[in-house]
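Number of protein chains: 2
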Amino acid sequence: MNFDIDKREFLKGLSLMQSVAGRKTTLPILSHILMQWEKNFLYLTGTDLETGIREELSATILQEGKASVSGKKLYEIVRELPDETIHIQKKENHWITLQCGKSIFNIAGLDPDEFPSLPGYQDEYFSKISTHLMREMIEKTVYAASNEESRYHLNGVLFIQKKQDSGPSGTGQGGQEILRMVATDGHRLSLIDRESPTIRGIEKGIIMPKKGVLEIKKIMGDRDGEEEMEIYFDQTHGFFKMGKSLMVIRLIDGEFPEYEQVIPKGNDKKLVMEKEKIYGCLRRVSTMASERVEGVKFSLRKNSVELSSYHQDFGDAKEEFELVYEGAPIEIGFNARYLMEALNVIDTGEIVIELKDEGNPGIIKPLSSIEPSNQFCIIMPMRI
Amino acid sequence: MNFDIDKREFLKGLSLMQSVAGRKTTLPILSHILMQWEKNFLYLTGTDLETGIREELSATILQEGKASVSGKKLYEIVRELPDETIHIQKKENHWITLQCGKSIFNIAGLDPDEFPSLPGYQDEYFSKISTHLMREMIEKTVYAASNEESRYHLNGVLFIQKKQDSGPSGTGQGGQEILRMVATDGHRLSLIDRESPTIRGIEKGIIMPKKGVLEIKKIMGDRDGEEEMEIYFDQTHGFFKMGKSLMVIRLIDGEFPEYEQVIPKGNDKKLVMEKEKIYGCLRRVSTMASERVEGVKFSLRKNSVELSSYHQDFGDAKEEFELVYEGAPIEIGFNARYLMEALNVIDTGEIVIELKDEGNPGIIKPLSSIEPSNQFCIIMPMRI
Numbered sequence: 268m269n270f271d272i273d274k275r276e277f278l279k280g281l282s283l284m285q286s287v288a289g290r291k292t293t294l295p296i297l298s299h300i301l302m303q304w305e306k307n308f309l310y311l312t313g314t315d316l317e318t319g320i321r322e323e324l325s326a327t328i329l330q331e332g333k334a335s336v337s338g339k340k341l342y343e344i345v346r347e348l349p350d351e352t353i354h355i356q357k358k359e360n361h362w363i364t365l366q367c368g369k370s371i372f373n374i375a376g377l378d379p380d381e382f383p384s385l386p387g388y389q390d391e392y393f394s395k396i397s398t399h400l401m402r403e404m405i406e407k408t409v410y411a412a413s414n415e416e417s418r419y420h421l422n423g424v425l426f427i428q429k430k431q432d433s434g435p436s437g438t439g440q441g442g443q444e445i446l447r448m449v450a451t452d453g454h455r456l457s458l459i460d461r462e463s464p465t466i467r468g469i470e471k472g473i474i475m476p477k478k479g480v481l482e483i484k485k486i487m488g489d490r491d492g493e494e495e496m497e498i499y500f501d502q503t504h505g506f507f508k509m510g511k512s513l514m515v516i517r518l519i520d521g522e523f524p525e526y527e528q529v530i531p532k533g534n535d536k537k538l539v540m541e542k543e544k545i546y547g548c549l550r551r552v553s554t555m556a557s558e559r560v561e562g563v564k565f566s567l568r569k570n571s572v573e574l575s576s577y578h579q580d581f582g583d584a585k586e587e588f589e590l591v592y593e594g595a596p597i598e599i600g601f602n603a604r605y606l607m608e609a610l611n612v613i614d615t616g617e618i619v620i621e622l623k624d625e626g627n628p629g630i631i632k633p634l635s636s637i638e639p640s641n642q643f644c645i646i647m648p649m650r651i
Numbered sequence: 268m269n270f271d272i273d274k275r276e277f278l279k280g281l282s283l284m285q286s287v288a289g290r291k292t293t294l295p296i297l298s299h300i301l302m303q304w305e306k307n308f309l310y311l312t313g314t315d316l317e318t319g320i321r322e323e324l325s326a327t328i329l330q331e332g333k334a335s336v337s338g339k340k341l342y343e344i345v346r347e348l349p350d351e352t353i354h355i356q357k358k359e360n361h362w363i364t365l366q367c368g369k370s371i372f373n374i375a376g377l378d379p380d381e382f383p384s385l386p387g388y389q390d391e392y393f394s395k396i397s398t399h400l401m402r403e404m405i406e407k408t409v410y411a412a413s414n415e416e417s418r419y420h421l422n423g424v425l426f427i428q429k430k431q432d433s434g435p436s437g438t439g440q441g442g443q444e445i446l447r448m449v450a451t452d453g454h455r456l457s458l459i460d461r462e463s464p465t466i467r468g469i470e471k472g473i474i475m476p477k478k479g480v481l482e483i484k485k486i487m488g489d490r491d492g493e494e495e496m497e498i499y500f501d502q503t504h505g506f507f508k509m510g511k512s513l514m515v516i517r518l519i520d521g522e523f524p525e526y527e528q529v530i531p532k533g534n535d536k537k538l539v540m541e542k543e544k545i546y547g548c549l550r551r552v553s554t555m556a557s558e559r560v561e562g563v564k565f566s567l568r569k570n571s572v573e574l575s576s577y578h579q580d581f582g583d584a585k586e587e588f589e590l591v592y593e594g595a596p597i598e599i600g601f602n603a604r605y606l607m608e609a610l611n612v613i614d615t616g617e618i619v620i621e622l623k624d625e626g627n628p629g630i631i632k633p634l635s636s637i638e639p640s641n642q643f644c645i646i647m648p649m650r651i
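Keeping their order, the protein sequence lines are chains A and B. Just add 267 to the spot in the first sequence (first one is 1) and you have the numbering used here. Just add 267 to the spot in the second sequence (first one is 1) and you have the numbering used here.
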């Protein structure tokens, strides 16, 4: 045998490859995973040329070697095996033999030297960041990224690092380093700022593709015990190390919109609401919103707001509740789903909606004393 | 208000309607449910003209009436409401107003008199049968029914009642009534016999459509506390009462195959196996079976059997285990999924496979002393 590996260890590694080892691809080797066994480890690599993952697994190596086999088929096989030791032997013509219990599999392979190598990285460039922080920032922005393939530069999340604004003018000593993430689909924009260590390569901002961001989040979920990850960026790729996983994500090559210009100023009408109350109201009233625009109308009057919707086939809905509002009456429409998705990522029990008038975007954010807010979502209004 | 109803009661009833109140239908009223409120009850009716369901719900009726509204939309609305009393008022033009908490919905309706009425039934024709028995018999047969629309007469389960065969010849006093269910897709056939009370209308056999059978099973699952249901058939429909649910299923109008002729006789090679062992082996070996035919080869030798498979792209698999077999060597192929589906509905720890030779169907059944067996599955062999 060339190497022995515990079934559960092997299965865990293979399952992490499943999202990148493509199932329908014109280049057959991209549906494969590369296996390299040397010293005391089996290294698995999978890539779709945009996202690459490498895993280090514990194994007993008897003779070093490498092979490339279908990632999906190997996963299907190993999943069904009993929880015992798996023995793997390289054969001629790039095939491998897998034995476990009384089962024997001969598995077709391709030349492992033809497997595309992952972009190289420099160990000394990595800096550490909390996985909790990374996960929070991703969750609070990625929902607003566009899914429209034609808007390629919006199909991701902007990562940018900057100095925190100095305090009241004059005191400024330059501040703490801030990591900012921003995502937008042109109808809404999410932004979050958090203190972070310096990360190499994002002073001018880079765009991480949505798929890659979600892949990182998934690996963080699978490796729940890890409290820190390592991270850096070069011109074309992001590099992430977590536990025994390495991920390499190809960045989106495009210009992110000038998002700072669209942040509204002068939204002087502030509505403070209980998050659960407005969320439940939106869920109920939006059942009568049309499927296409999902619009709900807010009718603000002195100390009350009424949400209403209308569906041409099914009827209409309305619900009113009290709040503190002393300004002039306003009627403004929003996409209910956008509002609910923004509420979903607010942790505070009370939220603030800031409006200017019927024609200008609204801001939703946590109720907090931090100014400027370190988390908000901007949503364009709609005619209803 | 016309009537008041508890939200949870209403929601439970509406959820049972969702599988029959069609979402995409050319006849708009079939996407509706009929609501009739009288005495102390709200009756909900939904139908796709093949399966009809009527539910009786507790309600406080202030003024009797009826309405017809979209089943899906009403369900979506009620699902979002707080757990409070819902007030419903009939309006002009067939609309209704629904109020709950601070929410007000105006819901479009159609003329309830245009809602298709369910076929009438005779209360005195029903007989009682155990829901546990009905559920077991359905589960143990329905998997083998065909999904091919062109084989309409195989898209269901045969229900037929007969007298149990009398004991050893001469003693026969006629036996207990037996309910038999049979399903086949032309490649395999499942059959189960159980003692049951006399059921009206199935002396000559009727074919219940697969969808209707699964609907009955679903309602049994939703009404888990009910130990008995009531049942009878006429020429065209099956009628089922359970708790406060009534279901009417249109029967398949066709000839069920002469299934008794295909039951093999003379399968003299009996293989006794542990169910879990053969099942696990099939799962492992079938990972290398081709997706189209899913074939696994059984190679029987003295006191052992080897299962093997071959996939033209991915490779091959094999696994051998010991059993008691003294006959001549045989090689025979079967569809692995058919075997696993048959094993799934066998309750005993040991099972029997009965074979004749390479070219004839195999029988799978529980290991039991009952002869003839009261449950089995016949599977056609395949060339591998």
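A portion of the hints provided could be inaccurate.
[As the list claims (entries may be wrong)] Computed list of lysine to aspartate or glutamate pairs in EDC-like fashion (alpha-carbon distance at most 16 Å, straight line):
id : chain 1 : residue 1 : chain 2 : residue 2
1  : A       : Lys544    : B       : Glu347
2  : A       : Lys340    : B       : Asp583
3  : B       : Lys369    : A       : Asp380
4  : B       : Lys478    : B       : Asp535
5  : B       : Lys544    : A       : Glu527
6  : B       : Lys340    : A       : Glu558
7  : B       : Lys395    : B       : Glu494
8  : A       : Lys429    : A       : Glu558
9  : A       : Lys339    : B       : Asp580
Hints are computed from structural coordinates only; laboratory data are not their basis.
Outcome of the hint check:
1. A/Lys544 / B/Glu347: 13 Å, holds
2. A/Lys340 / B/Asp583: Judged against 16 Å, a Cα distance of about 11 Å means the pair holds.
3. B/Lys369 / A/Asp380: Outside the cut-off at roughly 67 Å; violated.
4. B/Lys478 / B/Asp535: 37 Å, violated
5. B/Lys544 / A/Glu527: 64 Å, violated
6. B/Lys340 / A/Glu558: 12 Å, holds
7. B/Lys395 / B/Glu494: Holds, at roughly 10 Å.
8. A/Lys429 / A/Glu558: 40 Å, violated
9. A/Lys339 / B/Asp580: 13 Å, holds
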